[in-house]
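Kindly generate the complete structure, drawing on both the sequences and the hints.
From first to last, the protein sequence lines are chains V and Z.
1 is the number of the first residue of the first sequence in this note's numbering; add one for each residue after it.
1 is the number of the first residue of the second sequence in this note's numbering; add one for each residue after it.
Possibly wrong hints are sitting among the right ones.
Below are the DSSO-like pairs computed for lysine-lysine, each with C-alpha atoms no more than 27 Å apart in a straight line [as the list claims (entries may be wrong)]:
(1) K451/Z <-> K30/V
(2) K88/V <-> K50/V
(3) K44/Z <-> K362/Z
(4) K413/Z <-> K362/Z
(5) K446/Z <-> K30/V
(6) K50/V <-> K82/V
Everything labelled a hint here was simulated from the structure, so no lab data went into it.
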Amino acid sequence: MISVSQVDILLVEDSPGDVRLTMEALADAKISNNITVASDGIEALAVLRKEGQFADAVRPDLILLDLNMPRMDGRELLGIIKEDSDLKNIPVVVLTTSQSEADILESYDLRANCYITKPVDLDQFLVVVNSIQEFWLSIVKLPTSQAA
Amino acid sequence: MSRNPTEPIPWQLPGSSSGGYAVHGASGPNWLSLSRIRSSMQAKLIVGGAGASIIALSLIAAVAFFVTKDAISDTVMNGLNAVATTQHQQINSLFAHYQDEVDSISTDTHVTQSLRHYIATGDHVDRLVLNQILTDRASKSGSEESFDLHNTTGQIVASSDPSHIGESATDPTIEGFIIDYASNGLSSSLPGIRVSGPIIFDGRTVGYVTVHHDLVDLSYIVTRYIGRRDTGESVIVQRAEDGDAWFVTGLRFNNGGDFYRPIEENPDRVEIRALSQGAGRETDLTDYRGATVYSVHQYIEIADIGLIVKIDESEALSRVGGLTRALTLAIIGVSIVIVITTIFISRRLVSPISQLTQAADKFSRGELSSRVYLESTDEIGTLGLTFNNMASSLQSANETLETKVDERTADLKRSNQDLEQFAYVASHDLQEPLRMVSSYTQLLSKRYTGKLDSDADEFISFAVDGAKRMQTLINDLLTYSRAGRSDGILKKVDTSWIVDQALNHLESRIETAGGTVDVGELPDVVADRQQLMSVFQNLISNSIKYRSANRDVHVEISAERIANAWQFSVKDNGIGIDSTFSDRIFTIFQRLHGREEYQGTGIGLAVVKKIVERSGGTIRMESELGEGSVFIFTVIDRVSDEESSQDDERNDLRVAS
Chain V
1 MISVSQVDIL
11 LVEDSPGDVR
21 LTMEALADAK
31 ISNNITVASD
41 GIEALAVLRK
51 EGQFADAVRP
61 DLILLDLNMP
71 RMDGRELLGI
81 IKEDSDLKNI
91 PVVVLTTSQS
101 EADILESYDL
111 RANCYITKPV
121 DLDQFLVVVN
131 SIQEFWLSIV
141 KLPTSQAA
Chain Z
1 MSRNPTEPIP
11 WQLPGSSSGG
21 YAVHGASGPN
31 WLSLSRIRSS
41 MQAKLIVGGA
51 GASIIALSLI
61 AAVAFFVTKD
71 AISDTVMNGL
81 NAVATTQHQQ
91 INSLFAHYQD
101 EVDSISTDTH
111 VTQSLRHYIA
121 TGDHVDRLVL
131 NQILTDRASK
141 SGSEESFDLH
151 NTTGQIVASS
161 DPSHIGESAT
171 DPTIEGFIID
181 YASNGLSSSL
191 PGIRVSGPII
201 FDGRTVGYVT
211 VHHDLVDLSY
221 IVTRYIGRRD
231 TGESVIVQRA
241 EDGDAWFVTG
251 LRFNNGGDFY
261 RPIEENPDRV
271 EIRALSQGAG
281 RETDLTDYRG
291 ATVYSVHQYI
301 EIADIGLIVK
311 IDESEALSRV
321 GGLTRALTLA
331 IIGVSIVIVI
341 TTIFISRRLV
351 SPISQLTQAA
361 DKFSRGELSS
371 RVYLESTDEI
381 GTLGLTFNNM
391 ASSLQSANET
401 LETKVDERTA
411 DLKRSNQDLE
421 QFAYVASHDL
431 QEPLRMVSSY
441 TQLLSKRYTG
451 KLDSDADEFI
461 SFAVDGAKRM
471 QTLINDLLTY
481 SRAGRSDGIL
491 KKVDTSWIVD
501 QALNHLESRI
511 ETAGGTVDVG
521 ELPDVVADRQ
531 QLMSVFQNLI
541 SNSIKYRSAN
551 RDVHVEISAE
561 RIANAWQFSV
571 KDNGIGIDST
581 FSDRIFTIFQ
591 RLHGREEYQG
601 TGIGLAVVKK
611 IVERSGGTIR
621 MESELGEGSV
631 FIFTVIDRVS
641 DEESSQDDER
651 NDLRVAS
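As structure tokens, this is what we get:
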């Protein structure tokens with residue numbers, strides 16, 4: 001049940017405050033992790049496809065995705081990932097402040113693996129982030145990552 | 001663009017300002033009776049006009065009738081009178097002739113001498129001479145007459161008829177005219193006239209002469225009916241000794257009966273009247289047949305007889321009857337013409353009025369383009385023009401007003417939307433930075449509480465608390481701005497189920513408070529399920545929150561049908577509220593208690609009010625401080641509407657098939 005190696009998480013988020021807060025939360029977690037941060041969709045895609053400065057990036061075990069971002073937003077990125085045969089198996093957790101029904105619906109239409117609204121309260125936020133990690137990286141059985 | 005609010009709208013009546021266009025859509029209570037008014041007006045015209053004309057006509061006809069009747073009566077009477085006068089003269093002539101015969105004998109010296117000589121000597125020759133003279137006279141007169149000579153004792157001494165000789169006359173001393181059965185030479189069953197006179201010699205009565213006549217001459221005068229029409233008749237009556245009277249001449253309608261017919265003493269009988277008065281004209285007496293007659297009667301003194309000339313009233317007035325029929329027909333004819341004319345005229349009169357009425361009716365029901373088109377140029381035509389002018393000004397005023405109302409409504413809608421959008425966007429966009437503040441102050445608190453000095457701890461605590469409260473406020477603001485938006489679809493829902501759901505959500509709080517909730521029978525309504533539940537949840541929650549410390553909370557939920565809506569009540573036995581605050585409790589963020597006493601931002605009732613009012617209902621609260629409160633709100637009953645419209649559809653289908 002307990003994963004031996006550390007896990008890689010790609011955090012796609014443009015707000016530095018949220019990045020920091022998420023990293024603080026992840027840091028509290030039991031599982032050691034390696035977090036890569038992309039500030040928008042284009043950068044995230046570069047990481048995933050190991051392009052340019054991210055040539056030596058590792059394939060993430062989990063993507064935490066914000067929806068509202070400049071340049072390429074989370075919805076577009078989600079669409080691209082889920083259409084990409086190499087990337088579509090990576091679980092994508094939409095982690096956003098939006099409570100909009102439209103956003104929820106669209107995200108699932110684009111085959112997000114789950115949709116979570118960020119709790120406003122810090123303690124709850126910590127619990128949620130911890131749960132995400134716990135669930136997706138320890139509990140859920142995912143296909144072993146295929147070499148490209 | 002907008003009118004100066006102090007400038008009055010030209011046509012607006014004082015006091016109707018808040019009601020707006022008061023006439024629009026109003027339907028007065030009198031509309032139903034309009035047709036009745038119209039027809040009664042027509043009826044009045046017909047009854048008044050035609051009735052008055054017919055009454056006037058009838059009066060004229062009545063006057064004409066009586067005048068004509070009088071004229072005809074006069075004519076008839078004059079005719080009768082002329083006949084009576086003529087016959088009277090003829091009778092007088094006849095009687096004068098009879099008298100002459102008597103006189104010629106009584107003054108004949110040959111007769112007087114022979115009579116005197118015979119009476120003195122009894123000489124047979126004298127009698128023969130006298131007989132011869134009398135026979136000559138009788139044969140000369142040519143009629144059924146006989147001449148007798150009497151001595152002073154009444155014994156007949158000579159006669160034209162020898163059989164008379166030796167007889168005694170009944171009363172030879174009576175001079176003048178006697179009509180009786182004894183008069184006709186004693187031998188006939190018919191009455192006759194006897195005329196007698198004394199024979200005087202040397203100033204001494206030596207005998208009497210009597211001339212007997214039959215009644216043929218007299219009858220001949222009165223029984224010629226030529227020109228006397230069907231009932232015209234002259235009769236001669238004579239007094240009888242017992243006070244009665246009897247007929248002297250034959251009667252037109254006697255059918256051969258007896259001449260002698262006693263007439264009882266009845267003053268209304270024309271025969272009696274003829275004998276009791278000298279002369280007269282009467283229209284109301286009866287004759288021997290009992291018929292009412294027009295009569296003229298004259299008394300002939302010399303023979304003590306009455307002459308009556310008469311005609312039946314019915315015949316006399318037969319021309320009046322004809323006139324009456326003609327007049328009646330004329331009145332009926334003219335009345336029909338008058339009625340038809342009146343109807344025609346009243347239609348002409350009423351038609352523009354009813355046109356006006358219809359136009360005004362339409363107008364008042366909101367058809368503001370309604371106008372009248374009257375051809376007449378009279379007062380009614382002018383009224384029509386005035387109506388049209390008035391309608392035009394009202395229409396344009398109304399159009400202006402409607403445009404203005406539309407503009408204002410659009411403005412208001414826009415500004416409402418702006419405000420809502422603002423509230424939503426503000427609260428939504430405020431969330432993000434606030435979350436940062438809140439998260440990091442919490443993080444500060446988490447990591448550094450107790451690591452800095454006590455002031456820092458306090459400051460951080462205040463910041464965390466403030467951020468949390470602001471969070472709540474913004475959430476509430478969001479809730480409020482979303483409340484009442486009919487994002488959800490309106491569906492028929494069972495209110496009982498809605499209330500059950502609300503109670504489920506509040507179960508633990510109710511249990512904690514030791515509360516009980518009574519739910520009455522609740523109807524189906526058409527509503528947004530989520531919002532209606534929110535209303536009940538907020539109200540029940542409110543009741544639990546403001547429960548009295550002295551008793552267990554008890555909530556009663558019930559519904560009642562009023563007009564076109566369901567009225568729901570949520571009643572509690574809580575702390576209640578001073579009624580002066582009953583409006584303020586529905587204002588957003590309005591709190592009546594300290595934060596330490598009761599938690600919350602004061603959003604609940606504001607949300608309830610917004611939801612209720614957005615769906616067309618109303619809400620109010622009644623309360624008594626310390627006793628409890630009842631919240632009463634209405635939900636428009638669209639279920640019945642739906643069902644009735646379904647019924648209509650079914651009906652339509654049925655009709656179509």
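Against the structure, the hints:
A C-alpha spacing of about 25 Å is found between K451/Z and K30/V, which places the hinted pair at or below 27 Å, so the restraint holds. Only pairs whose Cα atoms come within 27 Å are accepted, and K88/V paired with K50/V is accepted, the gap being roughly 16 Å. For the proposed pair K44/Z and K362/Z, the alpha carbon gap of about 26 Å is at most 27 Å, so the pair holds. A hinted pair counts as satisfied when its Cα atoms are at most 27 Å apart, and K413/Z with K362/Z does not qualify at roughly 32 Å.
Using a Cα cut-off of 27 Å, the hinted pair K446/Z and K30/V holds, with the two alpha carbons roughly 18 Å apart. Taking the CA atoms of K50/V and K82/V, the gap is near 17 Å; set against the 27 Å cutoff, the hint holds.
Checked against the numbered hints given earlier, the structure breaks only hint 4 and satisfies all the rest.
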